[in-house]
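Quick note, the sequences are listed as chains A and B, same order. Just so we're aligned: 2 in numbering that gives the first Met the number 0 is position 3 of the first sequence, and the numbers increase by one with no gaps anywhere. Just so we're aligned: 42 in numbering that gives the first Met the number 0 is position 43 of the second sequence, and the numbers increase by one with no gaps anywhere.
Calculated directly from the structure, the hints in this document are not laboratory data. Even for Gly, the Cβ is constructed at its ideal location relative to N, Cα and C. Some hints here could point you the wrong way.
Result set (DSSO-like, lysine-lysine): computed pairs, CA atoms no more than 27 Å apart in a straight line [to be verified]:
hint: 1; chain 1: B; residue 1: K310; chain 2: B; residue 2: K297
hint: 2; chain 1: B; residue 1: K243; chain 2: B; residue 2: K147
hint: 3; chain 1: B; residue 1: K238; chain 2: B; residue 2: K147
hint: 4; chain 1: A; residue 1: K17; chain 2: B; residue 2: K297
hint: 5; chain 1: B; residue 1: K254; chain 2: B; residue 2: K238
hint: 6; chain 1: A; residue 1: K17; chain 2: B; residue 2: K238
Sample of chain A residues with no beta-carbon within 12 Å of chain B, all distances over it, derived [as the list claims (entries may be wrong)]:
hint: 7; residue: V25
hint: 8; residue: Q28
hint: 9; residue: L35
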Amino acid sequence: MAIQVQIPTPMREQAGGKAEVTVNGVTVQAALADLLRQFPALGPKLFDNGRLRPYVNVFVNDEDIRYLDEMNTPLSDGQTLALIPAVAGG
Amino acid sequence: MSASFDRLERYSRQMRFPAMGKAGQEKLLASRVTLCGCGALGTVLANTLVRAGVGFIRIVDRDFVEPSNLQRQVLFDESDVANNLPKAEAAATKLRQINSGVVVEPVVADIDRTNIEDLCRDVDLILDGSDNFEVRYLINDVAVKTGKPWVYGGAVGSQGMSMTIIPGETPCLRCVFEAAANPGDVGTCETAGVLGPTVSIVASFQAVEALKLLSGNAAAINRELLVIDVWENTHRRVKVAPLKGRKGECPCCAKRIFEWLDGAHGTQTTTLCGRNAVQVSHRTASAIDFEQLATTLKGSGTVSFNKFLLKFRLDETGDPYEFTVFPDGRAIIKGTSEPDKARALYARYVGH
Numbered sequence: 000m001a002i003q004v005q006i007p008t009p010m011r012e013q014a015g016g017k018a019e020v021t022v023n024g025v026t027v028q029a030a031l032a033d034l035l036r037q038f039p040a041l042g043p044k045l046f047d048n049g050r051l052r053p054y055v056n057v058f059v060n061d062e063d064i065r066y067l068d069e070m071n072t073p074l075s076d077g078q079t080l081a082l083i084p085a086v087a088g089g
Numbered sequence: 000m001s002a003s004f005d006r007l008e009r010y011s012r013q014m015r016f017p018a019m020g021k022a023g024q025e026k027l028l029a030s031r032v033t034l035c036g037c038g039a040l041g042t043v044l045a046n047t048l049v050r051a052g053v054g055f056i057r058i059v060d061r062d063f064v065e066p067s068n069l070q071r072q073v074l075f076d077e078s079d080v081a082n083n084l085p086k087a088e089a090a091a092t093k094l095r096q097i098n099s100g101v102v103v104e105p106v107v108a109d110i111d112r113t114n115i116e117d118l119c120r121d122v123d124l125i126l127d128g129s130d131n132f133e134v135r136y137l138i139n140d141v142a143v144k145t146g147k148p149w150v151y152g153g154a155v156g157s158q159g160m161s162m163t164i165i166p167g168e169t170p171c172l173r174c175v176f177e178a179a180a181n182p183g184d185v186g187t188c189e190t191a192g193v194l195g196p197t198v199s200i201v202a203s204f205q206a207v208e209a210l211k212l213l214s215g216n217a218a219a220i221n222r223e224l225l226v227i228d229v230w231e232n233t234h235r236r237v238k239v240a241p242l243k244g245r246k247g248e249c250p251c252c253a254k255r256i257f258e259w260l261d262g263a264h265g266t267q268t269t270t271l272c273g274r275n276a277v278q279v280s281h282r283t284a285s286a287i288d289f290e291q292l293a294t295t296l297k298g299s300g301t302v303s304f305n306k307f308l309l310k311f312r313l314d315e316t317g318d319p320y321e322f323t324v325f326p327d328g329r330a331i332i333k334g335t336s337e338p339d340k341a342r343a344l345y346a347r348y349v350g351h
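Extracted from the complex, chain A is given alone in its bound form:
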């Protein structure tokens, strides 16, 4: 169950400089847990007291997990999980 996780620029320092990381997991929850096992420094970037930070959105194949099954959204081999935080500047 290989899932490609796309790491946004502001989080790459915590992900060993990588733009994309391969993780394993049958749900979004499991995939993110594997991501944090590989890169523990991403923890505070993504979560606050166990909850996803409210300005970071998670998309499975371009669909927002909040109208799917949130953290329980099932994943299948080869799918892409994108972490997309709000872009502030301008």
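Given the structure of chain A, go ahead and fit chain B onto it with the hints provided.
The following block gives chain B in isolation, referenced to the frame of chain A:
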């Protein structure tokens, strides 16, 4: 000064575009817009809309033109820096030379919950040319409260984002991004840098959305979240339309609780008399991560911190500023006694 050619001649190529036509152009000429912020996104938006023939544009900005703006803020030049002109005024002067048929109203002001409703009351559309989420959530509150459309744009580094909001029809900003980032958690153009083309592209997407909305072509708007990276050559529209009202839980568009307008979130300033300093209070949901903030700021000045406070010394265009940031998001900014300047510095370096 008025143009010596037929009023509509200058728009002939735009009117030839079938969806616009003469009818669309006439609607555009009768339309009114408030532009919140006139920096990188704002100058591109104003330039495009004034050339396209919007009827009235109110340009609100709190800043003065500085040398570091000229790389990407397309309406400004060296003389504006030399003359220490407010951005709203400098932009208005240029825009009137570009198109004397458009009424341009510059407003030099810091947008906050006390003035935003007045600034947006008499317009058809609100455009986001700002550099921070406080203004964007205020715009979102006003737009949803009054049923006016608005267009979000954001740009940092090589990345950009845009989304068009029509209250009641599309998700609002809070449906998609529930809350603002804590200070220091997301990059700003000052800390992470920004490329001119990133902002030009994002603002151009915003501008075309404005043209659709103002010319009677709302059906053609982008109803998803546009996410681009001009360095990594990615361009995608992620699907957010089903988030509308987020199952009745969106505080803004579903529950109609306008937390930013009501002052439950946001920034307050207090001038510290006789100290040439301003205290900026920014309410945060959780304590600021000083290690993270220090990493973000180290490229822009000298940073040190302990568990109680973070000190940051910045040398911006010769004026030295010293920030003392506290874990609750409060900061004392030394080197200015002007609240607007302090809020601008806070937004740029600490961010929110």
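Evaluation of the provided hints:
no. : hint             : in the structure
1   : K310/B to K297/B : holds (11 Å)
2   : K243/B to K147/B : holds (16 Å)
3   : K238/B to K147/B : holds (22 Å)
4   : K17/A to K297/B  : holds (22 Å)
5   : K254/B to K238/B : holds (23 Å)
6   : K17/A to K238/B  : holds (25 Å)
7   : V25              : holds (22 Å)
8   : Q28              : holds (19 Å)
9   : L35              : holds (16 Å)
Checked against the numbered hints above, the structure violates none of them.
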